[in-house]
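Quick mapping for you: the protein sequence lines, in order, are chains F and P. Letter by letter, the first sequence follows residues 11 to 124 of the numbering used here. Letter by letter, the second sequence follows residues 4 to 116 of the numbering used here.
Derived by calculation from the structure, the hints in this document are not laboratory data. A couple of the hints might just be wrong.
As the list claims (entries may be wrong) - 20 angstroms max Cα-Cα, derived SDA-like pairs, lysine to any residue:
hint : chain 1 : residue 1 : chain 2 : residue 2
1    : F       : K61       : P       : T104
2    : P       : K60       : F       : Q102
3    : P       : K20       : P       : P78
4    : F       : K119      : P       : L91
5    : F       : K61       : P       : L99
6    : F       : K80       : P       : R47
7    : P       : K68       : P       : M53
8    : F       : K119      : P       : L44
9    : F       : K119      : P       : D41
10   : F       : K119      : P       : K68
Stated by the list, open to error - Cβ-Cβ distance ranges computed for the label pairs, FRET-style:
hint : chain 1 : residue 1 : chain 2 : residue 2 : range
11   : F       : K123      : P       : S85       : 39 to 45 angstroms
12   : P       : K21       : F       : K123      : 44 to 50 angstroms
13   : P       : K21       : F       : E51       : 25 to 31 angstroms
14   : F       : S17       : P       : I15       : 32 to 38 angstroms
15   : P       : N10       : F       : K119      : 24 to 30 angstroms
16   : P       : T89       : F       : S20       : 22 to 28 angstroms
This structure is a prediction, so every number in the text was calculated from the model and none was measured. Cβ atoms here follow ideal geometry from the backbone N, Cα and C, with glycine treated the same way.
Single-letter residue listing:
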Amino acid sequence: GQQLNQSPQSMFIQEGEDVSMNCTSSSIFNTWLWYKQDPGEGPVLLIALYKAGELTSNGRLTAQFGITRKDSFLNISASIPSDVGIYFCAGQQNYGGSQGNLIFGKGTKLSVKP
Amino acid sequence: EAQVTQNPRYLITVTGKKLTVTCSQNMNHEYMSWYRQDPGLGLRQIYYSMNVEVTDKGDVPEGYKVSRKEKRNFPLILESPSPNQTSLYFCASSRLWARDTQYFGPGTRLTVL
Chain F
11 GQQLNQSPQS MFIQEGEDVS MNCTSSSIFN TWLWYKQDPG EGPVLLIALY KAGELTSNGR
71 LTAQFGITRK DSFLNISASI PSDVGIYFCA GQQNYGGSQG NLIFGKGTKL SVKP
Chain P
4 EAQVTQNPRY LITVTGKKLT VTCSQNMNHE YMSWYRQDPG LGLRQIYYSM NVEVTDKGDV
64 PEGYKVSRKE KRNFPLILES PSPNQTSLYF CASSRLWARD TQYFGPGTRL TVL
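Pulled out of the complex, with its shape left as it was, chain F reads as follows:
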C-alpha cells in the first residue's frame, strides 16, 4: 500500500527548543493532517491542511502543506515538557470525487533530554 515517510523517528528535546518534523510521499495528497498521541490514549488532531502551500498555526504549532502536495512539515516552537508524545502525519487522497482512505506516517516520538 501507499506509505508516508515521516522523520525523524524520534528526537529528544530540551525545554524551550524549537522542534521540526516532516512527512514525504511519492504520491500526491489532497489533505494533510497532524496528530499527537499521548501514552494510553488515542490520537488527537492538531492541525488540518487542505490546500497546497497552506500554512496553519495552532498555538505554538505551525504546519505547512507542501507546494508539490507530496510533503508536509510540523514545527513546535519553544517546546514545553507536555509536548512529549508521538506525533503522526496523515494524508488523504480523493478518487474521482469520492474520498479515499487515510494513510498515516509511522510517527515521531518526542522525549525529554535526560
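Add chain P to chain F, keeping to what the hints say.
The following block gives chain P in isolation, referenced to the frame of chain F:
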C-alpha cells in the same frame, strides 16, 4: 459528553475464536473508521464508513469485517482471529470526513494466542 467508546478495552483470545469489538459514538457523526496500531508501523486504516450501509476497505482489511447498520455503531468483527492480529485497535469518528476533527476512542488491546 461527546465521545467514542470501544468495548472491550482489553481482550485475550485464542486463534480461530470469533470476536467482535464494538464502537459507538454519540455525536451523530457520519464518518467512522477502524485502525490498528503496531510498534514501528504507526496507525493503519482497516475499514471506514462514510455513512449507514456504506463501508470501504482501508489499507489492511484482510481478516476483518465491519458493518454499519446504524449511524452510531461500527463494530469490528474478526471471524477467525490469528496471532498476527494481535494489536492495539482504535475506532474514530468525524462529522463528515477528515476535514472535521476526528475523535478517537480509547483503544482496544487485543492479544490472540
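These are the hints, each one checked on the structure:
{"no.": "1", "hint": "F/K61 x P/T104", "in the structure": "17 angstroms, holds"}
{"no.": "2", "hint": "P/K60 x F/Q102", "in the structure": "14 angstroms, holds"}
{"no.": "3", "hint": "P/K20 x P/P78", "in the structure": "16 angstroms, holds"}
{"no.": "4", "hint": "F/K119 x P/L91", "in the structure": "17 angstroms, holds"}
{"no.": "5", "hint": "F/K61 x P/L99", "in the structure": "18 angstroms, holds"}
{"no.": "6", "hint": "F/K80 x P/R47", "in the structure": "19 angstroms, holds"}
{"no.": "7", "hint": "P/K68 x P/M53", "in the structure": "16 angstroms, holds"}
{"no.": "8", "hint": "F/K119 x P/L44", "in the structure": "13 angstroms, holds"}
{"no.": "9", "hint": "F/K119 x P/D41", "in the structure": "14 angstroms, holds"}
{"no.": "10", "hint": "F/K119 x P/K68", "in the structure": "31 angstroms, violated"}
{"no.": "11", "hint": "F/K123 x P/S85: 39 to 45 angstroms", "in the structure": "41 angstroms, holds"}
{"no.": "12", "hint": "P/K21 x F/K123: 44 to 50 angstroms", "in the structure": "47 angstroms, holds"}
{"no.": "13", "hint": "P/K21 x F/E51: 25 to 31 angstroms", "in the structure": "28 angstroms, holds"}
{"no.": "14", "hint": "F/S17 x P/I15: 32 to 38 angstroms", "in the structure": "35 angstroms, holds"}
{"no.": "15", "hint": "P/N10 x F/K119: 24 to 30 angstroms", "in the structure": "29 angstroms, holds"}
{"no.": "16", "hint": "P/T89 x F/S20: 22 to 28 angstroms", "in the structure": "24 angstroms, holds"}
Comparing the model with each earlier hint shows a violation of hint 10 alone; every other hint is respected.
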